[in-house]
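Which chain is which? The protein sequence lines are V and F, in order. Counting in my numbering, the first sequence runs from 63 upward without gaps. Counting in my numbering, the second sequence runs from 3 upward without gaps.
Everything labelled a hint here was simulated from the structure, so no lab data went into it. The beta carbon of each residue, even a glycine, is placed where N, CA and C say it ideally should be. Heads up, some of the hints might be wrong.
Just so you have them, the derived chain F footprint on chain V, three or more residues with Cβ under 8 Å [to be verified]: (1) 65 to 73; (2) 115 to 129; (3) 150 to 162; (4) 169 to 181.
Part of the chain F face toward chain V, derived, beta carbon under 8 Å [stated by the list, open to error]: (5) F178; (6) G222; (7) D223; (8) N341; (9) E345; (10) S513.
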Amino acid sequence: MIPLILKILKTRMVNEDAPATREEWRVRAATIEDKIVKMLGRALVIRHVDAGSCNGCELEIHALNNPYYNIESLGIRFAASPRHADLLLVTGPVTKAMEGALRIAYEAMPHPKLVVAVGDCGCTGGIWGESYATCGRVANVIPVDVAVPGCPPPPTAILQGILTAIATKTASTPGP
Amino acid sequence: MRIPGIPLDTRALAGAVPASLARVDREQWVEAARRVRESHGRIAAFWGADHRDLDAAFSVFAAYAVPDGLAILELPVASAWPSYPDLSGLFPAAARMQRAVYDLLGVSAEGAADSRPWLRQGAWRADEFPLRRDFDSAARREIAPDDYPFVRVEGDGVHEIAVGPIHAGTIEPGHFRFSVVGEKVLRLEERLGYTHKGADKRFEDFTIADGYRLAGRISGDSTVAYAWAYAQAAESLLGITAPARAGWLRALMLERERVANHLGDLGALGNDAALGFAFAQFMRLKEQWLRLNQEVFGHRFAMDCIVPGGVAADADDAQRAAIARQAGAIRAETLELQNVFDEHSGLQDRFITAGRVTPELASALGISGLAGRSSGQAFDLRVDFPADPYGELGVGKIVHVAGDVAYRVRARFDELYESLRLIELITSRMPAGETRSALPAPAPRAFGVGWVEGWRGEVLVALEAGEGGRIRRGHAHDPSWQTWPLLEHAVIGNIVPDFPLINKSFNLSYSGHDS
Chain V
63 MIPLILKILK TRMVNEDAPA TREEWRVRAA TIEDKIVKML GRALVIRHVD
113 AGSCNGCELE IHALNNPYYN IESLGIRFAA SPRHADLLLV TGPVTKAMEG
163 ALRIAYEAMP HPKLVVAVGD CGCTGGIWGE SYATCGRVAN VIPVDVAVPG
213 CPPPPTAILQ GILTAIATKT ASTPGP
Chain F
3 MRIPGIPLDT RALAGAVPAS LARVDREQWV EAARRVRESH GRIAAFWGAD
53 HRDLDAAFSV FAAYAVPDGL AILELPVASA WPSYPDLSGL FPAAARMQRA
103 VYDLLGVSAE GAADSRPWLR QGAWRADEFP LRRDFDSAAR REIAPDDYPF
153 VRVEGDGVHE IAVGPIHAGT IEPGHFRFSV VGEKVLRLEE RLGYTHKGAD
203 KRFEDFTIAD GYRLAGRISG DSTVAYAWAY AQAAESLLGI TAPARAGWLR
253 ALMLERERVA NHLGDLGALG NDAALGFAFA QFMRLKEQWL RLNQEVFGHR
303 FAMDCIVPGG VAADADDAQR AAIARQAGAI RAETLELQNV FDEHSGLQDR
353 FITAGRVTPE LASALGISGL AGRSSGQAFD LRVDFPADPY GELGVGKIVH
403 VAGDVAYRVR ARFDELYESL RLIELITSRM PAGETRSALP APAPRAFGVG
453 WVEGWRGEVL VALEAGEGGR IRRGHAHDPS WQTWPLLEHA VIGNIVPDFP
503 LINKSFNLSY SGHDS
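Generate the whole structure from the sequences, applying the supplied hints.
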């Protein structure tokens, strides 16, 4: 237990030695919190669906949970069920075998059913295009709010995509 | 390459991999398989091709790992009633590959015990086959999900748990059917193919020169291994070699890919055993690692950096110094974290004996790679058949025999330290010079193969050239093909809540398998 505690103490100091990254996130954190609170009045919950990705985008979505991006500190977290989710984060060209499962997940979500397509494949079908095996881009299967390009997009871009989805929604549906 | 005790008309293939190609008849096909099995060889990959426009036949290819390299056998199969003698009786790992070959090409294994569809998933009709050259890939098809006959376990108190294709976390899709009593797993049956993107068919739209981009997107966490295997196959087919410096840069990228994945897996394995500290720490280190990739190679995973003929990125003196410094820093931190792992009784209680795979089982199923080496299967292509510069680097082979989660964790630590040592060696010894050779035009029907020890195991790419520099047939094989069936055995007798941990300790690829 002592090595573990020592490591935690030591690590905190190391993180403070990376000012560029941290400053960047503080600025964003403030903006995001406002928007999320304004629109949802609570934290944003994301359900991720891999609809046929190569796993590259998944690596970068995982990275959102690392101490550098620390997405939970922004009030955003991932849920296991689409029934608990405000936003669906979809990767991959949608394969024919995943088309049905993706539709079911989308239907299971409560409104406002935000959808962010992640990666070149999700945006356009990417290198796979449309074929006997794939339906191509996510928008060919379910409505998409924001599409984040990149192969794979870095974590920062994915986060920006998520935030853009919230902002767009706020602008298009003014509160009561 | 020789298959002991059987004379074959073999042709040595050029390139970095010691490999040969032999056309055989049915008797030789059966006899060769038996001899390979008897001499403890493994099936490395199995695929088929439509050659009806060339010689009125289909062909099936079996690539065997034999003591002196890779022996590829090609069996022409008459197009009237296309079938070939089953290999799965001798090589259990061949069973799903044969089912996939039927789904994609319509050539079947005679007398195979299991002839259920594997990759098709109802996305195309049972009587049409995507890899036949007259298949219309663009035609609109109604998806008709088929009623897949899972094996039922009968008995008092037995019930099923169905999981997937969408899993609970940020994970690739697949379906697991558990038969359990209480919390004890009696049987696990996997159903995969959900991420099938038609890679083999898609290769036909690329040229030998640019197909590396597709290969690098078959399994994103192994993009370097795939791109290198593709480059080896293309260079083998073209009869060229990459400049020396390119080889060193490729090895640098491959070892950095290995370290990145091991860091991520160690964090996730700690997390799956409820040690969130491990996730935060290892993911922090992985992030630092990927950021340096971005700085040096222009991409966090070094995607598209390995190309046929060489590399499309370089590392100057300052960058190599930064890489060496980082290797030292990551080693120091990982040693601290390993100490935390070793001292943490709660963590070790979850790891030790969970998901045990005996060396006998691993050998019977023909497992190589990280999973195999954790269960006494001492195969590592970097040592056994070293492509440049591995011969000069002298890789230490990491082998354990306990084969449980604890030792698959241990293997990751050990391999990570070895990769860091290699990275330091590479940065100090890398020769100067060119990084890319010119590509000649490929001869139609030229054949080449690549075989690379990725972080998960052996990635194999086979290429056949068509007209005008195009790919006529491209096949990429992920080591997960062999290891997915092993997972079904590894969980038997374990409790359901340990499945995520056992699964993660293998961390197999869905996309690489389904491709």
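Here is what the structure says about each hint:
For the region 65 to 73 of chain V, the proposed coverage by chain F is satisfied: 5 residues have a C-beta within less than 8 Å of a C-beta in that chain, meeting the threshold of three. Under a criterion of three residues with beta carbons nearer than 8 Å to beta carbons of chain F, the stated coverage of the region 115 to 129 of chain V is upheld, 14 such residues being counted. With a threshold of 8 Å between beta carbons, the proposed coverage of the region 150 to 162 of chain V by chain F holds, since 8 of its residues qualify and at least three are required. With a cut-off of 8 Å between beta carbons, the region 169 to 181 of chain V has 0 residues touching chain F; three or more are needed, and the interface restraint is violated.
Given the 8 Å rule on beta carbons, the hint for F:F178 is violated: about 14 Å separates it from the nearest Cβ of chain V. Taking 8 Å as the C-beta cut-off, the interface hint given for F:G222 holds, the closest approach to chain V being about 3 Å. The criterion of a C-beta within 8 Å of any C-beta in chain V is met by F:D223, whose closest approach is roughly 5 Å, and the hint holds. A distance limit of 8 Å between C-beta atoms decides the matter here; for F:N341 the minimum to chain V is near 5 Å, and the interface restraint holds.
Interface hint status for F:E345: upheld, as the beta-carbon distance to the closest one in chain V is roughly 6 Å, under 8 Å. With a least beta-carbon distance of about 5 Å to chain V, the hint placing F:S513 at the interface is held under the 8 Å criterion.
In terms of the numbered hints stated before, the structure departs from hints 4, 5, listed from lowest to highest.
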